[in-house]
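Those protein sequences? They're chains A and P, same order as listed. Counting from 426, one number per residue, gives the positions in the first sequence under my numbering. Counting from 5, one number per residue, gives the positions in the second sequence under my numbering.
If you are wondering where the hints come from, they were derived from the structure by calculation, not from laboratory data. Computed from a prediction, not measured in an experiment: that's the story for all the values here. Hints may be right or wrong, so weigh each one.
Said to hold, decoys possible - With a Cα cut of at most 20 Å, we get these calculated DMTMM-like pairs of lysine to aspartate or glutamate: (1) A:Lys480 <-> P:Glu271; (2) A:Lys669 <-> P:Asp71; (3) P:Lys22 <-> A:Glu668; (4) A:Lys480 <-> P:Glu285; (5) A:Lys480 <-> P:Glu281; (6) P:Lys22 <-> A:Asp692; (7) P:Lys51 <-> A:Asp692.
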Amino acid sequence: MSTDRYNMDRNKPILLQGNEAVALGALDAGLGFFGGYPITPSSEIAEILSNEMPKRGRKFIQMEDELASMASIIGASLVGKKAMTATSGPGFSLMQENIGFGMMTEVPCVVVNVQRGGPSTGLPTSPAQGDMMQARWGTHGDHPSITLYPDSVLECYELAIRAFNLAEKYRTPVFLLLDELIGHMREAVKLPPKDELKIINRVNPNVPPEWYKHFKNNPKYISPLASYGQGYRFHVTGLTHDEKGFPTNKQTEIQAKMDKLLKKITDNLDDLIQVEAFHMDDAEVAIFAAGVVARSAKEAVLRSRKKGKKVGLIRPLTIWPFPDKEVERMLESTKATIIAEMNQGQLINEVLRVTKYQKHAKYIELQRYDGSLITPEDILEKINEVL
Amino acid sequence: MKKIPQKVIHRYLRHDKKFPHVWCPGCGIGTILGDFLRAVYNIGIPKDEIVMVSGIGCSGRMPVYVDFNTLHTTHGRAIAFATGIKFSEPRLKVVVISGDGDAAAIGGNHLIHAARRNIDLTIIIINNSIYGMTGGQASPTTPLGDYATTAPFGSIEPEFDLCKLAESAGASFVARTTAYHTMEARQIFEAALNKKGCAVVETIAQCPVSYGKMNQQSSAIEMLKWQKENTVSIKSFDKLSPEKRQDKIVRGIIVDKDREEFTARYENLIKRLQKNESSKEKSKQQAGENQKKSKSKSKKEEKK
Ligand SMILES: Cc1ncc(C[n+]2csc(CCOP(=O)(O)OP(=O)(O)O)c2C)c(N)n1
Ligand code: SF4
Ligand SMILES: [Mg+2]
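Next up, chain A with everything else stripped away, as it sits in the complex:
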């Protein structure tokens, strides 16, 4: 793979793999630092970047483990680089302590998790959607999560860029969750021209160093971030801290910090949440599915529609924060909802939570955790039970 390949003519479609599209999206978003550790099914991302980064004068390093990978990208981000790592379930588990550090210290960065079957070493090369909750609650303590979930190669590219934009805008680690099948799938895609991309960069302080408080509270809960070496000489710690970043035990300051972390997310749900509604307008039966399962679901919807059955699909592109309002509204008048996931039931609990007052409807679980994809036939079978 040479740079030539990625300096392609963007008017023509190009055959790309999901993982490759993530790497390309990251490069186009302005990735300045990648620190990672090899693990199937994510390794292509590191391999491609090891080739592309130095040519562009950017930094690539293979760290000694995932704890170090996560630490290195936070360090890089603190000197102003857009930074990313990529891993799979076992590595994602190892990163969790430092992910919490990144959240607590409000350092922008992107963590890609190309999921495989678990727990433990599990199924290294088989698809599974078992990390929904690890992306939500993987690190200890209260914390919000921003997690994006593509269902196509093009969307891998788009959401990789969006992950950086959200990380920079909200000063927080952002997760990009892929299915093994999406990461390894190849599709012909036409990438948008570079000058049409919307790229967001973090806000730098515009006050003199004496005035700078890098966690300064304001109505938006998001504070400008300086880089080390710019003259601001600020302190960063994982201990609960005040607006200047110094450790605190004061109740009012603890509360303020925790509220800041939460509210910068919950006050901006409309900006953060993306949900695709596919044939939902008149749907009597809805399928709720994300990532690769949504592809099977779309096929099932189309086949059902041909037979005159009013079936639709709700597909969250943002799984965290969970699209409470959107899902609740879309399911107001459906008779039944099929929640299809490749795990033993993770997002279903969210759907049931947000629809707890919609007692009229049926909620049907469709779960596979045998290392293979939920097929359109699996879904059609469930549809036939209710329609």
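Based on the hints, put chain P with the ligands in the right spot on chain A.
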């Protein structure tokens, strides 16, 4: 040599809200911080260019007090964070402060890999032979037979020699000093800060509270005396008879060698690749022009 003014360390401390500090009376960490700040003063590194990164432990609390770019990370991971910083911005002087547990137990992997890469970090390990912050549990440097709250019958694990570890992993600068030998410590810190490469300095420090209480040494003065009597400079060590060497700990600069540094190696890689790319571009352009020329030629010929 510059005369160091009195109270020079006050120029490097943060004066807003940070004192009193967390360290116990008699603790060696503060002395080491003083030595380090005097070294920074002597070399004259601007505050803006220093990034001090620490892990978790009593030693890890050091950065909050000093007026540099400071980062207090997770237990054991300081070197990994520091690697991200140094690699991204090689012009910054990145200093790691780590305890013996932090650097040699939970973070041991990062230590050996930083040394192997020979990345330009100044790694100061404050070795008090104990987990100070958590109240005196055994660490990988607790001497065999010594007591700890988790080694109530005396430790049955042999201890690490941190300098040998760093040396064999490839660090281009390795030194040992103590909290007692303040002049020497300052000079070693200066040499380590000036070294282009991975510089590991083990600094033996007394922890009268957590270590002392378990080993009948609760007086800081006694412990400092111990540092004086049981260590010997590398020069004097070489002159000692084999029997006398037995129980002595060597101080001084143990390794100071030239090895290509990691970030410099990467910068060279970038240069090499970019040269290749630009020559490829050129040859492409040339090929394009040649094609045009030959096309226009053939057109002319057609006209003829
Ligand atoms: C992941 C993790 N494990 C355990 C701890 C608890 N802990 C805090 S400090 C410490 C040991 C510190 O010992 P050392 O590194 O020698 O530093 P010292 O306090 O002696 O300076 C431990 C085990 C922690 N904070 N994080
Ligand atoms: S516990 Fe030991 S190392 Fe920690 S501050 Fe007290 S004396 Fe120093
Ligand atoms: Mg210790």
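Results for each hint:
{"no.": "1", "hint": "A:Lys480 <-> P:Glu271", "in the structure": "holds, 11 Å"}
{"no.": "2", "hint": "A:Lys669 <-> P:Asp71", "in the structure": "holds, 13 Å"}
{"no.": "3", "hint": "P:Lys22 <-> A:Glu668", "in the structure": "holds, 14 Å"}
{"no.": "4", "hint": "A:Lys480 <-> P:Glu285", "in the structure": "holds, 13 Å"}
{"no.": "5", "hint": "A:Lys480 <-> P:Glu281", "in the structure": "holds, 8 Å"}
{"no.": "6", "hint": "P:Lys22 <-> A:Asp692", "in the structure": "violated, 33 Å"}
{"no.": "7", "hint": "P:Lys51 <-> A:Asp692", "in the structure": "violated, 38 Å"}
Hints 6 and 7, counting from the list given before, are not met by this structure.
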